[in-house]
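**Q** One letter stands for each residue in the lines below.
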Amino acid sequence: MILQALTSYYGRISAYDGSGVAPEGFEKKEIPFIIVLDHDGKFKGIDDTRSGEGKKKRAREFLVPKGVKKSVNIAANLLWGNPEYVLGRPRPGTETDVKKVEKVKARHASFVETIESLDVDDSGVSAVLCFLREDDFSSVFSHPSWPEIEKSGKNDITFRLEGDTGLVCERNEVKKAVASMNKRGEDDRLQACLVTGEMDSPTRLHTAIKGVWGAQSSGANIVSFNLEAFNSYGKTQGFNAPVGKKAEHAYTTALNRLLGRDSRRRIQVGDSSTIFWADENSVMEDVYADLFGEPPKENPEQINQAIRVLFESPRSGAPPITEDYTRFYVLGLSPNASRVAVRFWYAGTVGEVATNIKQYFEDCAIVHGNKEPEHLSLFRLLVSTALQRKSENIQPNLSGEVMKSILTGTPYPATLLASAVRRIRAEREITYPRASLVKAVLVRNSRYEKEVGMALDQNNTNVGYRLGRLFSVLEKVQEEASPGINATIRDHFYGSASSTPVTAFPYLMKLKNHHLAKLENRGRAVNLERLIGQIVEGVASAGFPAHLSLQDQGRFAVGYYHQRQDLFTKKSTDEEE
Amino acid sequence: MNDRTGKQSQLFKLKVWGRNACFTRPEMKVERVSYDVMTPAAARGVLEAILWKPAIRWHITQIDVLKPIKWESVRRNEVGAVMSPRTSGLFIEDERQQRAGLLLRDVAYNVHAYFEMTEWAGVVDNLAKFEEMFQRRARKGQCFHRPYLGCREFAADFAPVNGDMPTPIDESRNLGWILYDMDFSGKEPMPRFFHAKLEKGSVKVPAFDSKEVRG
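Those protein sequences? They're chains G and P, same order as listed. When you number the first sequence by our numbering, it's gap-free, plus one each residue, and the end is 577. When you number the second sequence by our numbering, it's gap-free, plus one each residue, and the end is 215.
Hints listed in this document are in silico derivations from the structure and should not be mistaken for laboratory results. Ideal placement from N, C-alpha and C gives every residue a C-beta, glycine not left out. Misleading hints may appear alongside valid ones.
To be clear about the criterion: a stretch of chain P counts as covered by chain G if any three or more of its residues have a C-beta under 8 angstroms from a C-beta of chain G, and this derived list gives those stretches [stated by the list, open to error]: (1) 17-29; (2) 75-82; (3) 106-112; (4) 139-146; (5) 171-185.
Let the hints inform the model, and build the full structure from the sequences given.
**A** This is how it looks when you write it as structure tokens:
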């Protein structure tokens with residue numbers, strides 16, 4: 001299903017003219033340096049295609065013949081490559097190493113051979129061959145740009161004919177030759193392709209997928225059989241899974257485009273690089289990244305805007321988005337060294353996705369300070385469950401599972417609640433994202449008896465919720481009794497109060513009496529005492545429980561957060577009066 | 001597949017279920033991703049675990065999906081090397097490979113299948129004998145080895161379906177090309193694929209040697 005959907009996405013994007021999708025046998029590649037030749041193969045200069053500043057310098061993308069997959073063996077690309085291949089120039093510092101120099105010579109020879117074997121009558125190719133056969137590159141090495149090429153890590157070189165706008169490998173004759181070379185195929189073993197069902201020769205090694213965050217920078221593979229244990233029935237590499245050449249080109253090109261640096265179809269959710277696409281142009285494709293990504297500083301309203309675009313009924317009278325039956329796909333990929341693993345896969349309709357996303361935002365909504373954004377990005381929610389709020393500390397499987405739950409509208413994974421509660425206990429701090437997350441989990445788990453509301457619910461008699469509220473008030477009492485105190489009871493007792501109330505609360509209640517006695521404003525003391533009375537009323541008949549379940553610990557957190565928000569908002573309205 | 005004798009048994013229905021299943025897609029067999037439904041090859045494996053003799057060959061005609069398709073993602077420690085018979089062994093911790101898996105969770109299927117007699121059948125072998133054998137074994141829960149759902153670690157439970165047919169889920173969609181089974185008739189085992197469609201929770205399986213199956 002995944003490869004099929006990607007293949008049809010390739011069909012969709014390559015149907016547009018000027019979409020810039022590479023045809024079969026070609027790939028899009030950033031080439032920083034171009035050697036310019038005249039028709040006789042004389043060196044004319046070096047073009048530097050990079051733009052930008054410092055480390056962010058990026059080269060222009062060109063359409064070049066697809067690179068050969070290589071590890072240690074010698075295999076030259078057609079008409080482009082690094083200086084070792086193109087000019088037979090050893091890397092700086094290795095000129096004295098005889099072995100390496102020999103290897104570079106062989107590489108250069110292979111490069112020339114590849115061009116010769118192309119066998120086309122084209123002035124560009126013959127100029128390049130003239131230049132290479134001359135075998136005197138001193139003019140190149142003395143060019144002022146050369147030290148720059150030696151220095152930079154990405155130093156692919158290709159050729160351009162003087163007077164041409166495109167590269168030599170972009171000339172029509174070359175394109176034709178490459179296309180016909182592809183048709184010939186290396187071996188004539190035909191097998192049904194498992195993506196399309198058509199007879200095609202199976203691809204042995206698949207093009208690397210680049211841009212999966214955390215994977216090898218040279219690219220990793222979804223379809224790869226890189227160790228003996230992964231083979232079946234005595235087959236090796238790609239023959240384990242016959243994917244035809246056509247389908248292989250289509251799915252890898254589509255994936256690389258979706259994952260590309262400028263792609264608007266990808267977001268990072270925890271450790272999984274997430275891409276999404278639809279069968280046809282859809283507004284969902286445009287706003288999906290905004291809904292879940294962290295809004296940029298210059299546009300903090302991004303999420304709200306995206307929600308508005310999605311759900312405000314269009315004035316044109318078009319049917320609402322929830323009735324859009326365009327197929328929509330979301331694919332989460334996570335790295336495993338040289339391989340890419342599928343973390344989750346979702347195939348549904350735009351309408352379903354829209355409905356479930358709306359539900360997600362409703363579930364997460366909770367009262368918050370005025371300065372906090374109304375909707376938190378998924379990233380901020382997830383890092384709030386991680387140690388030191390670092391994305392690499394998010395539990396490995398969590399983000400993908402959460403994303404899947406959002407898309408399918410199913411309950412969140414139990415680990416989400418567990419890790420949020422664990423963070424709260426460890427840091428003794430219930431932040432806005434954490435409260436919102438815990439509330440969302442609880443609401444979802446009991447969809448039909450909406451037990452945890454958005455704001456303080458004085459009638460909620462759940463023992464966890466009540467104790468959370470009580471704890472919050474007790475902390476407030478202490479804060480008012482000793483203003484500016486550094487460590488409150490929250491810092492000392494949150495863990496035990498939320499998990500084993502019977503050990504903490506009796507002591508805390510005793511402590512409270514001393515705090516109340518210290519309050520100078522007697523009216524305030526009476527008010528607080530009354531509030532405590534109201535809260536305890538629902539709890540204490542059976543005494544403080546010995547343990548709270550994980551769910552109740554979640555409710556404890558929400559109750560604490562609700563009550564605290566309530567205490568502060570009340571105060572501000574009092575002041576206004 | 002040319003050793004058919006044309007003698008076909010009655011159609012059996014067997015319910016199989018389990019907590020997890022992974023009918024691994026060949027293209028994603030390293031970082032495993034399961035097919036959405038049971039493949040005919042996996043169904044054959046379950047039947048053969050209950051009854052198999054050289055004299056019979058199982059054919060799957062239909063697979064009903066009885067529970068909604070749910071997914072689960074896990075990462076497990078496995079081994080990357082294959083032990084050669086000439087070595088004294090390998091130390092597993094040196095050959096560790098973590099592999100992710102996108103598995104099916106909480107599955108149940110109703111497999112429709114029949115068997116036919118092969119040329120290996122002896123003079124005393126007849127359809128009724130094996131039919132009785134299969135029914136008896138399935139009813140008693142007897143098996144040669146524990147049947148499994150795609151991977152050995154996902155053990156399957158089974159029970160014969162007699163009388164009331166369990167209702168499949170109400171879902172229809174195109175599943176694309178999926179693996180039918182390996183073709184072992186040639187020198188090298190070759191995979192064969194067919195275009196599967198889920199229609200009201202059922203996948204109709206064409207005959208292995210029909211035109212709809214390609215390899």
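**Q** Hints first: check each against the structure and report whether it holds.
**A** Verification of the hints:
1. 17-29: n = 5 at 8 angstroms, threshold three: holds.
2. 75-82: Holds, because 6 residues of the stretch 75-82 of chain P bring their Cβ atoms closer than 8 angstroms to Cβ atoms of chain G.
3. 106-112: Violated, because only 0 residues of the stretch 106-112 of chain P bring their Cβ atoms closer than 8 angstroms to Cβ atoms of chain G.
4. 139-146: violated (count 0)
5. 171-185: With 5 residues in contact (Cβ-Cβ under 8 angstroms with chain G), the coverage given for the stretch 171-185 of chain P holds.
In summary, the numbered hints that this structure violates are 3 and 4.
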